[in-house]
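Top to bottom, those sequences are chains W and P. Reminder that position 234 of the first sequence reads as 234 in the working numbering, one-by-one numbering, no gaps. Reminder that position 277 of the second sequence reads as 277 in the working numbering, one-by-one numbering, no gaps.
None of these hints come from the bench; they were simulated from the model. Any given hint could be a false lead.
Within a straight-line C-alpha distance of at most 25 Å, the following computed BS3-like cross-link-like pairs (lysine-lysine) qualify [to be verified]:
(1) W:400 to P:32
(2) P:32 to W:520
(3) P:280 to W:400
(4) W:20 to P:280
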Amino acid sequence: MAVRVFTFLVGGKAGEGVKKAGSVAAELFASMGRRVFQMDDYQSLIRGGHNFSVVSTSAGAVDSHFMSADLVVALDARSYEVHRGHVRDGGTIVHNSDTVDGDGVGVAMTTEAEKLPNPELRVGVAAVSVLGAAIGLDREALARCVADGYGRDTERNVAYATAIYDAVSGKLGGRFSLGRGPGRLPILSGNQAIALGAAAAGLDLYLAYPMTPSSSLLHYLAAHERDLGVVTMHPESEIAVANIAVGAAFSGARVMVGTSGGGYALMEEALSLAGMTEAPLLTVLSSRPGPSTGVPTYTEQADLRFALGQGHGEFPRVVASPGSISEAFDLAAEMLDLVWRFQAVGILLTEKHLSESAATVEIDVDGAAWADPLIHGGGDYMRYRDTGSGVSPMLFPPSKGVVKWNSYEHDEAGITTEDGPTIAAMHDKRNRKGDAMVGYIRERRTVNRFGSSGPPIVTYGSTTMSVLEAVRAGGIEARVVQPVYLEPFPAWELESLRDERPVVVEQSSTGQFAALLREKCGIEPAAVVRRYDGRPFDPDELARELERSLG
Amino acid sequence: MKDDLDTGAEKTWCPGCGNFGIMNAFRAAIGKLETKGVGRDRVVMSAGIGNHAKIFDYVNLSGVYSLHGRSMATIQGMKLANPDLKVVGFAGDGDALGEGIAHLIFAAKRNSDVTVVVHENGIYALTTGQRAPTSPRGYRGPSTPGGSVENPLNPLVLMLESGATFVARGYSGHVDQLADLMVAAIEHEGFSFVDVLQPCVIFNNRYEQLNEIVEPIDGPPMEFDEALAAARVEEPLRTGIFYRAERPSHEGALLGGRNPFKDHPTREARLTAVDDLLAKH
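Next up, chain W with everything else stripped away, as it sits in the complex (with noise of 0.2 Å):
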């Protein structure tokens, strides 16, 4: 039976493989030519516990997973009581009777598991073999995908996933018939993404300290530097990565820092410090439920407003949320010539749910932003030299002008002043450049905006996929509004929006998206649905809700 969207779920303990066999089932449906979108739930432990991942593929588009699968495999026990109620009808679930006492197809995994070396490891192979045999894959093409999928122990991965195979063919083979799609894309992760669209636009440097969901990206920035040829440092803590960064911009380095909300918090005195010496900075935040420690493995987009009021005193920053995985690309690349452009800082904002997750992309490498400050030509040289655009020239040493940037209020030297009329000017300054930062971007995309005809919903970040997917999937007629930069605010792309009263769709409790869109727009909106649980929204669910809403 052929289905729009095809899902497949499998859960086990965390060191079984589950993550592993949903991206090796990525892959299989990437290589068929469909769309994929992965979604990996675990938690903050490295033993044990409950994880699961959640593969949704279509011929067409797909924005996100969904929670009601065609096809679940339960690995343990804990899994199958999870999970058994996430089958749409018509679907089925296999488990693994080794550890689940259920209803059903059961499998001997661990049995079979144990007759090859570390059979706690090789369980989650058995699930991409249950797929295959479920979507009709021969035992050649199983044995293709299981070799190229796993990479590793391919005569015993190949040999165990073949004996699952055989033993759920009878019952399962075939039972979903799954068509090829247009062609083969690339599968991204949104924190890849970032580090691929970064390193398009010049980065040379990323420093970072590990913290969930933004870890990702240091360690696919370190696996690859020799590839792109980043640099990459985890130092000490996040203060010494803020730090280390203005001061390798000081000397002309693109430079990239990433973190969560508890880590920014750390950086922000050095944000103001970056403010101040006007270094191009750009720090990715990636938002996991809070506040402090929070729930470090789950999604929220509650950080919001401390973003966007990052760092004391007064100075120009740009603001920006990826609404999908392939704009991830492009914007890190764009943000990186915005704060190099205008040596602002620069916050990629996004969370969990875009991070970590896994999509096919379409990205256009050659169209990326290359980052190229504004250098001196020639003359004497003022690090702070007063313009009209309040944009000064950079120059870097080894030089003959004196570059001196102060963390202290200064003059065009860069010298500490205290001077009541320098302060002022070097205020207009900085609040000037920022004016034009604004205007440049005023001219370029700020919003997207999804169908033509129908009520509003305005959303933003990673809840953009949801809301896009929700609407497809309960064929909903609706426009959906996206803001890509929060600062600057485009309140010229939305304002006409104040008199449609659109229903707004967020990841936040106290519903910051909403407050910030009647700050700047005086909209007002019909509804403001919000999911604060640590997970993302399934789109059936979403779908409902918004039928509700939209009335």
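Since chain W is already given, all that's left is putting chain P on it; use the hints.
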């Protein structure tokens, strides 16, 4: 701007302040480095926040006037981005041994090829005399009027134990020696730490006491264990290079000869690299 490295900014240190000695030694050191082929445009500086840090406004060199406690981090970024630069960070004892102690320890641990000069006056002078991490037990200041109930840190011992490969003590009253120590520190490839005894004439005037007990080290730098023991000795209070070792610098090891700033790629080269990596996904 005069050629003697003076920005012309008004000097707001007290007459007799130890900071003048440090600044004069530094300016002399720059001159000496120039005769050895290190142009002054290759030397960049940073300072924290405090009276020590005003050196940034007075010396006409490029650099970053950083945050309290953070110049040790700033300088590592300055060096990492362009390892051809010679980077010198000035810090007060509050900066280096309080607020920013983690950055100091890690700079030493990494053997980052930068030089840190600490203006050790035993107090926080700019904020009117509170105790510093180097103040003795019993020190009476505005925040500890009953006498500090903490023991001081020994910066040289801390640096030796943290892996610094050049550890020296200087005295702002002995400018010539200090200039030579700074030259040696800057020329050393690896982390150089120079703790400078710097009397504050207002809040902690130790000139008389120091002139009695300060004595230059008689001989070459010591082996590690000997240096550690010598660093703990308070009388005589030795000045000079306690320890020097050659170990791979952080930047050398991490960059493998690359210079992120100078080797910034062309757009074409970088896009090709991104395309190639994307194809593996």
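Hint by hint, here is what the structure shows:
no. : hint           : verdict
1   : W:400 to P:32  : 19 Å, holds
2   : P:32 to W:520  : 59 Å, violated
3   : P:280 to W:400 : 45 Å, violated
4   : W:20 to P:280  : 17 Å, holds
Hints 2 and 3, counting from the list given before, are not met by this structure.
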